[in-house]
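Trainee: Take a look at the letters that make up each chain.
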Amino acid sequence: MATKILTEHINVPGIETFDVYRKQGGYTAVEKAFKTMTPEEVVEEVKKSGVRGRGGAGFPMGMKWSFLAKPEGVPRYLVCNADESEPGTFKDHYLMKTIPHLLIEGMIISSYALGANKSFIYVRGELMYVIHILEKAIAEAKAKGFLGKNILGTGYDLELVVQPGGGAYICGEETALLESLEGKRGNPRNKPPFPAVKGLYQCPTVVNNVESIATTSWIVNHGGEAYAAIGIGRSTGTKLISASGHINKPGVYEIELGVPVEDFIYADEWCGGIRPGHKLKAVVAGGSSVPILPANLILNLANGEKRLMTYESLSDGGFQTGTMLGSGGFIVMDETSCIVRNTWNFARFYHHESCGQCSPCREGTGWMEKVLHRIEYGHGHRQDIDLLVDVAKKIEGNTICPLGDAAAWPVASAIRHFRDEFEWHITNPQEATQPGAVYRGEMALV
Amino acid sequence: MEDNKPQLFKVTVDGIEVEVEPGTTILQAARKIGPEVAPPAMCYYQPLKGSGGKCRACLVRVAAGSAKDPRPMPKLVASCITPVQDGMVVENTTNQQVIDARNGIVEFLLINHPLDCPVCDQAGECDLQNFAFDHGKATTRYEEDRRTFEKHDIGPYIQLHMTRCILCYRCVYTADQITNKRVHGVLGRGDAAEIGTYIEKAIDNDFSGNVIDVCPVGALTDKTYRFKNRVWFTKPVDAHRDCPTCSGKVTLWYRGEEVIRVTARKNEWNEVTEFICNTCRFDQKKTSDWVIEGPTKISRSSVISANKYRADTIKPDFGKRLAAATYKPIDDKRDTSQLDIQQLPPERFAKTLPSALDKEP
Numbered sequence: 001m002a003t004k005i006l007t008e009h010i011n012v013p014g015i016e017t018f019d020v021y022r023k024q025g026g027y028t029a030v031e032k033a034f035k036t037m038t039p040e041e042v043v044e045e046v047k048k049s050g051v052r053g054r055g056g057a058g059f060p061m062g063m064k065w066s067f068l069a070k071p072e073g074v075p076r077y078l079v080c081n082a083d084e085s086e087p088g089t090f091k092d093h094y095l096m097k098t099i100p101h102l103l104i105e106g107m108i109i110s111s112y113a114l115g116a117n118k119s120f121i122y123v124r125g126e127l128m129y130v131i132h133i134l135e136k137a138i139a140e141a142k143a144k145g146f147l148g149k150n151i152l153g154t155g156y157d158l159e160l161v162v163q164p165g166g167g168a169y170i171c172g173e174e175t176a177l178l179e180s181l182e183g184k185r186g187n188p189r190n191k192p193p194f195p196a197v198k199g200l201y202q203c204p205t206v207v208n209n210v211e212s213i214a215t216t217s218w219i220v221n222h223g224g225e226a227y228a229a230i231g232i233g234r235s236t237g238t239k240l241i242s243a244s245g246h247i248n249k250p251g252v253y254e255i256e257l258g259v260p261v262e263d264f265i266y267a268d269e270w271c272g273g274i275r276p277g278h279k280l281k282a283v284v285a286g287g288s289s290v291p292i293l294p295a296n297l298i299l300n301l302a303n304g305e306k307r308l309m310t311y312e313s314l315s316d317g318g319f320q321t322g323t324m325l326g327s328g329g330f331i332v333m334d335e336t337s338c339i340v341r342n343t344w345n346f347a348r349f350y351h352h353e354s355c356g357q358c359s360p361c362r363e364g365t366g367w368m369e370k371v372l373h374r375i376e377y378g379h380g381h382r383q384d385i386d387l388l389v390d391v392a393k394k395i396e397g398n399t400i401c402p403l404g405d406a407a408a409w410p411v412a413s414a415i416r417h418f419r420d421e422f423e424w425h426i427t428n429p430q431e432a433t434q435p436g437a438v439y440r441g442e443m444a445l446v
Numbered sequence: 001m002e003d004n005k006p007q008l009f010k011v012t013v014d015g016i017e018v019e020v021e022p023g024t025t026i027l028q029a030a031r032k033i034g035p036e037v038a039p040p041a042m043c044y045y046q047p048l049k050g051s052g053g054k055c056r057a058c059l060v061r062v063a064a065g066s067a068k069d070p071r072p073m074p075k076l077v078a079s080c081i082t083p084v085q086d087g088m089v090v091e092n093t094t095n096q097q098v099i100d101a102r103n104g105i106v107e108f109l110l111i112n113h114p115l116d117c118p119v120c121d122q123a124g125e126c127d128l129q130n131f132a133f134d135h136g137k138a139t140t141r142y143e144e145d146r147r148t149f150e151k152h153d154i155g156p157y158i159q160l161h162m163t164r165c166i167l168c169y170r171c172v173y174t175a176d177q178i179t180n181k182r183v184h185g186v187l188g189r190g191d192a193a194e195i196g197t198y199i200e201k202a203i204d205n206d207f208s209g210n211v212i213d214v215c216p217v218g219a220l221t222d223k224t225y226r227f228k229n230r231v232w233f234t235k236p237v238d239a240h241r242d243c244p245t246c247s248g249k250v251t252l253w254y255r256g257e258e259v260i261r262v263t264a265r266k267n268e269w270n271e272v273t274e275f276i277c278n279t280c281r282f283d284q285k286k287t288s289d290w291v292i293e294g295p296t297k298i299s300r301s302s303v304i305s306a307n308k309y310r311a312d313t314i315k316p317d318f319g320k321r322l323a324a325a326t327y328k329p330i331d332d333k334r335d336t337s338q339l340d341i342q343q344l345p346p347e348r349f350a351k352t353l354p355s356a357l358d359k360e361p
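If you read the protein sequences in the order shown, they are chains A and B.
First residue of the first sequence? That's 1 in UniProt numbering, and the numbers climb one at a time after it.
First residue of the second sequence? That's 1 in UniProt numbering, and the numbers climb one at a time after it.
One thing to keep in mind: the hints can contain errors.
[Stated by the list, open to error] Computed Cβ-Cβ distance ranges for the label pairs, DEER-style:
| hint | chain 1 | residue 1 | chain 2 | residue 2 | range |
| --- | --- | --- | --- | --- | --- |
| 1 | A | 296 | B | 8 | 52 to 62 Å |
| 2 | A | 148 | B | 74 | 37 to 47 Å |
| 3 | B | 100 | A | 279 | 36 to 46 Å |
| 4 | A | 69 | B | 14 | 29 to 39 Å |
Calculated from the structure, these hints are not laboratory results.
Just so you know, these numbers come straight off a predicted model, no measurement behind them.
Glycine included, every Cβ here is placed at the ideal spot set by N, Cα and C.
The task is simple: from the sequences and hints, build the whole structure.
Mentor: The following block contains the structure:
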């Protein structure tokens, strides 16, 4: 049986209440950390665990914590990024609504480790019911003395604030999130300075994803080394994967990093295979912004070895033949999916969500969307494909925040791996614009 | 420390070394060397705190981060906001990747720009025109409709043309930092973002006119000067007056004997260092209101700066051939205040376009 760190008790009835969560061993990590460990020791355990940021970038969390500046007399803040808006990703939403106390326990431990006395959970505005669940859970924890003044008699105070966002994708970028939290327009900041030096209200701040923070209670209970023992190499621990698309069992799965992609798609434990009568065509492995891969490349590396669900294995081969683990939004497509339409849909999303601050992203995302729309609706020209590649190249890496990259990668990768399909749309516009028409030419289906 | 002087950082830009104080940005270090290596800046405005980083026109490549850590930076960086390190090596005009990125930025800025320069009051002193002249192409790959906005009236003095805006945020910073109340800002998101006052409201403030001077394009122009003349037909003269609210140091723009426009003085980087009040700008338009100091030293970016469009500075072939066929250099040392376009001999002007292009250089 695979280790479950986050979802072990998720099916226990009433787990969203304090009493049931406590009965399942909840809040013991808070007690252990407060009574037997110094904040530095907690940071040290997280460092040892090797847990990497689960929001998408995969930056080691312990290292991020150790970058936090600690000037005298200046408050420090911990902000939990629960603005999950990446198409294809719904793990944080699931975690917060089913087991809210896991996040709150993690927030208490992390705030203690970082020395923050006021911490924020920034939840995307559409999830109002989740905000109510979290607020109820916070009130329960406060009533039991795990939050508020003088927690467990240690003299440590912590206030936890749930802040609804306005539903903008850009506010999931950490500096835009901080701007939004301060009540300003959600524009990403120029870096440096990084939030660890000047973050919320110009004070040192750590911004972490929901899933990353939720792992801390297990790490404190079992030790960083036990966590690092799970997984392969630098991809330690478990990861929540939001599986969606043409599979038999869509849902959120907690996997030990290192599971072969093929097993993840076909094993009954997880996705349960492609829906009957169809074949695998492509996978977007880590949320809409990572490069799309065709069936043969997602299952196997370029050298023929099996591809694994780890940060390293998924990005093996760079963007030529690889992708990224990202936020774990695993979108599976069978042969009935039109890659052009899908790419247009992603481009439309990024066009809509660009904040408009820097010119390549503001103008480029709209341009790509319009060209893709044209191709999808049968008005494309041959040179449009190269135009898209060129525009994507000129956005990538030249913007303030990673949204520009996120907009450019899906377009560039779709053309890299499915160029025939784009060409088919351009040369056979009448056929391609029929309802439900999909390219049936030569491609590797599995 | 016996030495009280702060230690200077050595920075190399395009092979030229310069010593600057710690905390200086790459752009400022490059400007210290000279205009040849200074990256273009469409949104950065030195007198405005917090400006910069948005247009990405000033991207440069850092080939070596510092003497201690000589690794190159993985991405191009915005030179206007990146502080220098000791021993940093920067590639600006010498790096093809930088040139390509800049060409891309011009293309992005122009795809939704109306290109109405022939009727735009900013033409001739427009940062975007200059940037496009250096890095743009004569053709476009953009086939779709250009973005348009509903027109908004923001008061009797300032004309807002949102279609021309490149969202540099300079006017927002100006209103934040030199007026006591900001009533306009950026509304909306992405390419639908626009400068506006939310509920139609006039921008009414003693210093509001400065947003016209800081605007790099023709999005915010002077209503009292609207369609009066082209900048290259006017003569700029430095003048001052005893003003109770501002420094009173201005540039008067003459057409014949008439003052048709008053602006703040700009330095060689096209930046205003002393902002002026609306009384000076909009109400004092008689020569008798002012003490004349003498002809203005023309900024290198102005269209009326001598030989700006000299044949060898023109990049696209089309323009080069046109210029070679029609352009005759004029005396660089001449006093621009004496320039009167109507007195120039007719052979100074271009022949009709097709015949000019018949001659291959």
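Trainee: All the hints need checking, so say for each whether the structure fits it.
Mentor: For each hint, the structure was consulted:
1. A beta carbon spacing of about 57 Å between residue 296 of chain A and residue 8 of chain B agrees with the range 52 to 62 Å that was offered as a hint.
2. Judged by the Cβ atoms, the range 37 to 47 Å given for residue 148 of chain A and residue 74 of chain B holds: they are separated by roughly 44 Å.
3. A beta carbon spacing of about 40 Å between residue 100 of chain B and residue 279 of chain A agrees with the range 36 to 46 Å that was offered as a hint.
4. Look at residue 69 of chain A against residue 14 of chain B: about 35 Å separates their beta carbons, and that is inside 29 to 39 Å.
Of the numbered hints stated above, none is contradicted by the structure.
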